[in-house]
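K.L.:
Hey, can you work out the whole structure from these sequences and the hints?
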Amino acid sequence: MVKLFNMQKKRLYIIFSIIMLLAASSCQKHFLDNAPLTQYSDANVWQDSALITRFVDNIYGNIISNYDFIGRSGLLASITDESKLNNPASVFTDNLINTGQYTPASNIFDGYWAGSSNPSGVYVNVRNCNVFLAHLSTMPLSPATKIQLTGEVRFLRAFNYQFLYSLFGAFPIIDTVLGIGNNGLYAQRASNDSCIAFILADYNAAASVLPQQYFDPQDIGRATQGAALGMECRLLLNQKQYAAAAAAAQAVMNLGIYSLFPDYEGMFYPQNDDNSEVIFNKEFGGDLTGQTNFVDLSENSSFFTGYSGTQDCPTQNLVDQYEMTDGLPYTQSPLYDSTHPYANRDPRLAASILYDSSVWMGNIMDMTPGSFYNPIGDETSTGYMLRKFLNPNYAFYGNNTNYQNCIILRLAEIYLDYAECELQLGNEEVARTYVNLLRERPSVNMPDIPVGQLTWSAYVQERTVELAFEGERFEDIRRWGEGPQLIGAAIYGMEVTDVGNIHQYQRVLVQQRYFDPKMYFFPIPLTELTKYPAGQVLQQNPGWD
Amino acid sequence: MLRPLFSAAILFVVINHSLAQGDNSTKRIPLQEALRQINHVFGTNFVYDQDLLKGKTTTYDMQTIRNKTLEEVLKGVLYPDGLVFLYVKRNYYTIVPKERVREQWNPATVAPDSAVNMTNVAAPAVSLRTRVIDGQVTDKNGNPLRNATVTVLGEGNSTSADDAGRFRLRVPDRKDVFLAFSSIGFESQEVPVKNVNVINVVMSQSSVSLQEVVIVGYGAKKKEDLTGAISTVKTEELNENHSSTAVSDMLAGRLPGLFVQKSDGTVGTGSDLKIRGLSTFNNSNPLIVVDGIPDRTIDDLNPTDIEAISILKDASAIAVYGARAANGVILVTTRKGRPGKPEISFSSTLISQSPTFMYKKFSSFEYATLQNEAYNNESSYNPAFGQGFTQAQLNLYQNGTDPNQYPNTNWIKTLAASHLLQSSYNLSASGGAENIRYFISGGYVTNGGFVPVEYYKRWNLRSNLEANITHDLKVNLNLGGVFSATNGEGVYGLDYVFGQALATPPIRVNQFTNGDYAYVPEQRGNAYIQSRGLTGFNTTWNNTLNTTMNLQWDLPWIKGLSVVGTGAYDKGYVFSKDFAKPYNQYEVDSSNNYTLVPSYPVAPYLNESFTQSASLTLEGSLRYTTAFKANHISALALYTQTKATTDLLAAGRQNFTSASLPQLSLGDPTQESNDGSGTLSTRQGVVGRLTYDYDSRYLLEFSFRDDGSDIFPPGHRFGFFPAISGGWVISKEPFFKINNLDFLKLRGSWGELGNDQVAPYQFLNTYSLNGSPSTGGGYTFGGSNPVFFQTLQPGVLANPNFTWERALMTNIGIEAHFKQDLITLEADYFHKRTKDILAPPNLQVPGVIGATLPDFNDGIVDNSGFEIAIGHHHRIGKVSYFVNANISYNHNKIVYYPESQSIPAWQKITGTSVGGFYNSPYPQYFPSGPYLGYESAGLYQTNKEVTSGPTPLFSTAAPGDIKYVDIDKDGAITANDQVVIGNKYFPAIQYGIRFGASFAGLECNVLLQGSADVTGYNYAATYNLIPAANWLLDRWTPTHTNASFPRLWINYQENQQVSNYWVVNSSYMRLKNLELAYTFPRKLIKGAFKNIRIALSGNNLLTFSKFRWYDPESLNINNQLAGLSNPLLKSFTAGATLQF
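Sequence lines, in order, name chains H and W. First residue of the first sequence? That's 1 in our numbering, and the numbers climb one at a time after it. First residue of the second sequence? That's 10001 in our numbering, and the numbers climb one at a time after it.
No lab work stands behind these hints: they were computed from the structure. In this text the structure is predicted, and so the values were computed from the model without any measurement.
Calculated lysine-lysine pairs in the DSBU-like style (CA-CA distance at most 30 Å, straight line):
(1) W/Lys10969 <-> H/Lys518
(2) W/Lys10878 <-> W/Lys11090
(3) H/Lys518 <-> W/Lys10944
Just so you have them, the derived chain W footprint on chain H, three or more residues with Cβ under 8 Å:
(4) 185-198
(5) 368-376
Partial list, computed: chain H residues near chain W (C-beta under 7 Å):
(6) Phe55
(7) Ser308
(8) Val508
Note that CB positions come from ideal geometry on N, CA and C, so glycine has one too.
P.N.:
Rendered as C-alpha cells:
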C-alpha cells in the first residue's frame, strides 16, 4: 500500500514538474512586445497608398460647415438678425453672444481653434495637412496622385485657416509639423496681410493643379479648381479687395461649368446634392455611416420629431426683408394685407421660413402658442420656424440623423460677391445684371431691379434674402460695419393670436441685443492664451484683454 | 489551532544533514533527528518533553524507513530507549517514557482514525497516576469552539476540542496542574485543575489578537510579526452591513486608511475606494487582489463568501505588487473549509431602502411665478414666445381647474417607488477532513430600482477546495462564478429615469384626463412610460468565472523549502441587449384636441453587444522557511506573468416591423450595423522577499518586484520596485518593564512603487480607421449617390520616453496592547512622494500643435497623513463590549504640474491639491470642472455697490447677483481674478467609530462614520430653475435681501460663473450601521439546528451635516449630477441565519 502511495506521489511530482515547466516556457522573450490591436502606426500608414488617401479624406470629414453648428452652438445665423436661438444659454452659446454675456473664458468656439472633438478644430486639421505634406516625398504614390492629393490638401489647409480667420481674425501661421519641444509652438499671430497671403498662396496652388470637375461618384465632392477660386473670391471680398475679388469671381464664372439650379427650395434637398450650382460643399452620408447632421432633427417642430424642436427661429427682422411679388417692400406695396401678411411675398420666403399657415409636410402650420406645432414648452421664440435646408421627405426615424449635403459655396454667392465688388467699384450696371440673374431664377421669378435702381440697400436686401441662414451674414456685417444695427438689433417676432378662429398678427419685441465693436472678432480662448509662456502670449483681440 | 504542537515541531528544525548525504546509514544519530526524518517521510508530528530526548540516540537505519510502516519504524527508534508513542490524532503522536503509561490510553479522548490507530501498539502499563478531565470550550455566546487547544502546562499532552467544543484530557493527578486553553481569535486562558473532573471554559474574543494570521501579498504572516501597514476587516464585521449588493459599500468606516465614497444609489453600483487619499493626477484606484490574483473585482463578490479583506497601505506591504500597487492594494480572501463535520448555513435578508435626503419640489404655480421673476430680472418676460406665464396662466396653475394644460405634477411621486426592495439568500456548506476541506456556497441577491424597469440581480457560486494529496503536496482549487443581470430603460439605460423626473418641472402633465400619456419635452418623451419599461429594455448580463489553482510541494530534500505553482484563469462574458420601442404619447392643443407625437424611436431598434474577456496568470515560486534558535528566516522568489485579452462584437438593426420580439433577425436587414474590436495586454514580473526575525522581537523584511508592462516602449518596460522594512517589539526586551503594557512595537518601512494605469502605447504615433454610427468619422463622396469611405484619424502624438510613474513611500507605525486587548492602539504616519507622474503638457503646449498630446513623466505630488485606530474590549460580568475607533487623515500637495508660467500665481495648480482632479472626466488632461473659479463676497445689495466697486464681469450685474472679488485689483472683474477653489474636493479626514455589546445571545453593533474637512461643488444649484427645488424659494429679491440664493436668472451669466459661492462644506457624520442580533440559546433549538441568529439592522439611519439640500456624500465626489440623480439610500434590514 505504501508502495502504491509512493508511486502515485512520483507521478504527481512529474505532473507538477510539467506544469512548472509549462509555466516557465510561456515566459517568452517577446511576451511584452505588443501594439494596439485596432490602431495603425506610422510604419503602416505612410507606406500604404490606400491609408494615405483615407488620411486625406479624414480632413474633409473635419471641415466645419454651417450644419455643424446645429446641435452644438446654434446656427451662426442666430448671432445675427436672421434668427434667434431657442435654447437657453446654458445649452447653446449663441444666446450668450448676442446678449454680450461672454468673456474670453466663456468657451465660445474654443473647440474650433484646436479641439479634438468631431469635427476637429482648425489647428488639428492644419496639422494633418502639414503631416501629409511632410511625408510627401517618401509616399509610394504615382506622380499624378501626388499632385492631385497635394492640391486637395493645400485647399483644405487654406479652407481651415479661412474659417479660423472668420471667427478670430489673424492667426499664428503653422506650416510645418510641430513637435512638443519646438520653438515654432509659440509663433505669434501673423499680420493680417501675411495671413491672407498665406491662404491665397494655398488656394492658388490648389487651383493650378485641381481638376474642374469630377465624374466618378467616389470623387464628387472633392476640392476643385472652382472651389479654390471661389473661396479666394470670398476671402478677398471680406478683405474689401474688390478688384481682386471680382477677378476671382470672374475666373469661377469663366469655368463655365456652374449654373443656377432652377429650384431655389429644392437646391438643398438630398436628392439634389452636388447640383449644378454647388461649387463646394460638405458631404453628409447615410444613417449608418456616422457622418450625418442634425438639421431636420433639431430645426423641425417637436410635433414632427418628438425631440426638442425649432433650434433657430427666424426673426421678423428677416421676414420683413422679403419683398412683395411686385418688387416693393411690404411697407410700400399695395399687395400687403396685414391680416394675411405672408401672401404675395417673394417665393424665397416660403422656401426659407415657416410662418403661420405655411404648409409643411402636409400640415398647415399653426403658430398660435399652444397649438400642436407650437406647443407650450417647445414653442418658437419668434413665431417662425426654419424651413430652408429642411428635407420635406424627412421621416423621423431610427437614430434621428439626416444627410443632406451642406452647401458651403454656390454660384449665387459668387454672383452676389461679384455684384458687391462691381457696386463698390462703381459699376452698378454690371452688379444689377448679376443680381437680376438671381431674381430671374425660375422658382423665384421676382421682377428685375430696373436700370439705375440697384442701390446699396437693395443689394444688401437681395443678399440677405438669397443667402439667408447660410452662415455668411456675420462676415458680411463685419465687412459692412453694420454691427450696431444688425447684431445689436432689436429683434422682433410675430405674436399670433386666435380670436374667434381668425388669426391676428402683432409684431412684438423679443430681444434687445447688445453690440460692442470688440464683438466683430471673437476673443481667442483664454485657455489657449494661458498656455503660452510669459512674454510670448498671443495678442488678444482688441477689447477682449 | 495546534500551536503547542507546532512550536514543538519547530524545535526539530535545526539545520542538519539532509537525507541525501546518507553514506553513514548505521551511524548513531540523535533521536530528535530521527524523528525529524520520520516527520519528513510520513508527515507525522510529535509532541514530547524536550528533556526526554536529550542525549538519546539511535542506530536505526533511517535509509530504509521509506519501505516500512510507521509503527515499525517508531518501535525501532523509540523502544530501545524506553520510550513509547501514543496516538493523539491522525498524524500526531506524543512520546512518553514507558513507565508513565500506567493504563491503556483511552481512545475516547480523540476521534480515532481506525486505519492508523496505534493505540494498541503502544500499550505497556505506566505507573504514574493520572486522571481524566472532561469539559467544554465555548465562546461568550455559548458557541462551541471547535479545535480549541487544551494543553497540560508543563506536560507534553494536549488535545483539541471536538465539534461540540468538548474535550477529554488525561492529566497528572497532582495539585499544581494547570490547563492552558487557546484558540485563534480568542484570549488564551490558564485554568487550575484542582480537584474537579469537569472544566468548562468560556473564552473571550480578542479581536485584535496578535496571534492572528494576516494574509499579505503572496503569503501570510502573524500579526505580531508584521512590519508593514495593513488593516483587516473580517467576515463577521462585513456582514453586519446589508445596505447594498456591493461589497465596497460595506467597508466605509471600518478600515483605517481607506476612503470610501458613494455618489448615487443606482442599483448594483458600489462605492469609490481610495487608500490614503490621492497622490497622482491619474487613476488613484487601488489594486484589488482576490485570492491572490490581481485585477479582479470586489463589488460582485458574495459578501458571505469573504473571509477577510485587508488593505495594504505602505511600501513594504505592497512592493510585491510593484507596478500596479502605488495606490495601495485591497486583498480579499474567500472562505475555506475547516476540518470537521459539515456545517450548512442558510441566511436570508430583506431590505427596504429609501433616500437619505429628498428635497422638496415646489408646485407648478410657484415654479411659474419664479420663472416670471427670472425673466423679469432679465427684462425678457414675453409669454407669447414661451418666456414666462401670463397672470391668467398663473391663476390656472394655482387653482388647478385645467389639469391637462395647467397641471401640478410631482414627478417623483408619480413614477418612483418610495422604497426599494432588496433581498438576498445564501446557502453554504463547509467542512472536510484533514486531507480535504471544502467551502461551497450559492447566493442570490435581487435589488429593485426606484422605477420598475430598473433592477439588479446576481447569482454567486463558489467552490473552494483544499486537498493534501500527499503529506507534502497540497492543492487548492478556488472557483468563483458571478452571474448578474442589470436592467434599465430601453433608450437611455440605467440611472436615467429618476434623474429626468427630478429635473422635470411640475408644469408638465404626465397623464391627460382622457388617460393618454403626455409628451414631455424635458424628458424627450414620457418618464412614466419609460419607468414602466414600455419603451423597451436595456439589459446587461455579466457572467464571470474566476478560477485559481494552486499547487504547493514541500520539497522532501530540504525542510522548509517548497515550490508553489499557481494558475489563474478568469473568463468574462458580458452580453447586452438594448431593445427600444415606440410608444404612444400625446400633445394637447389649446382647444383640447389630442394628437400623437412621434416617440423616440419611431420604429423599434435592437442593439446587441458581446464582450469576452480572458485573463491568464501563471506564477511559480520557491518559498523557504527556516529557524534556528530564535532566528526565523523566510524567503520567497516568484515569477508571474499575466496576459489579458478582450474581444468585442456588436450588432444592431433598426426599423423592426413589430415591437413584440427582440431578436436581430426580425429587424430590417437593410438597416443593420455591426462593430468589433479587441485589446491585448501583458505583464511580467519577478518578486522577491526575504524576512528575518529574531524572537519575534527584531523584525526585518526586504522585498522587491521587477515589473514589466507592455504599455511602455522597449527599453522602458521594466521597473524595479524595492521596499525595506523593520520592526522592534520593545515589549519583548528584558529591560522593558511597564506594567500591563503587554505589547509595544515600532515599525518603519521605505520603498518605491509604480503606477501604470495610463493609456497604453503612447510611444507610438497611432492612427485609427473610423467610420461608423458609434465611433463617428468616415466621409462620403458622390453627392446624391453617396460613396462611403472610412477615414484615418491620427491618435496621440508619440512620446518615446514614456515610462513608469514612481511613488516613494515612507511609513512609521506603532502598535501597543494594554492588558491584552483591553486597550489597543495602532498608529501610522506616512509620507509618499509620487514623481514622474504621467501628465500631458496640455497647459503648456498651445493648441496650434494640432495634436492630442501624450503623457510625459512630469508631475510630482506629495501626500502625507496618518491613521490611528484605538480599540477597547472588555467584559463586565456577562456583558462584553467593545469600542473601536479609527481616523484617517491625508493631505496632498502638487509639487509640480506641467502648467503655463504666464498665469497669475493664484491660478497655479502647482502648490494646490489633487482633489480637483478627483473623478474628473478627463483627469489626464485637466483638473475636473470647477477647479478655478471666482471668489465671491456675498451678494450685491444695492446699485451703488454694483457701480462703485470693480467693474462686474457683465454689464447686466445688479443687486441680488453674486459679487466677486477683484483679486488682481485692476478695477474690473475678469477671468484673471479666478482662483483655485477646488482644493478640498476630496476629504482630508474620514473616520469610523464602532462599538457594541453582547449579553446572553443578544448583540448590538453600532458604526458611526463620517468625512471631514471636505467641500463639494453644488452643481445642482447652478442648474437654474430646473430642479424646481424649494431652496430656490430663499432667493434674493428686493424685499428679501438676506437670502441664501442669488436673484433668479435664465440667460444671464453673472451667477452662473464658477465661483466659491457654490462651494459648500460637505462634511458629515452618519449613523452608518446599527445592528441588533439575537442568537437563540442552544437549549431552545436543540435538534434540527446548530444555531439560529436573527438580526435587525439599519444603514445610514441618521446623517448630520451642515449641508441639508441633498446627501452631502454624493456631493463630495465632484459628481455633477449630485442632487439630480438616484439619491443615496438608507435602509432597514431583517435577516436570519440558520446553521444545520
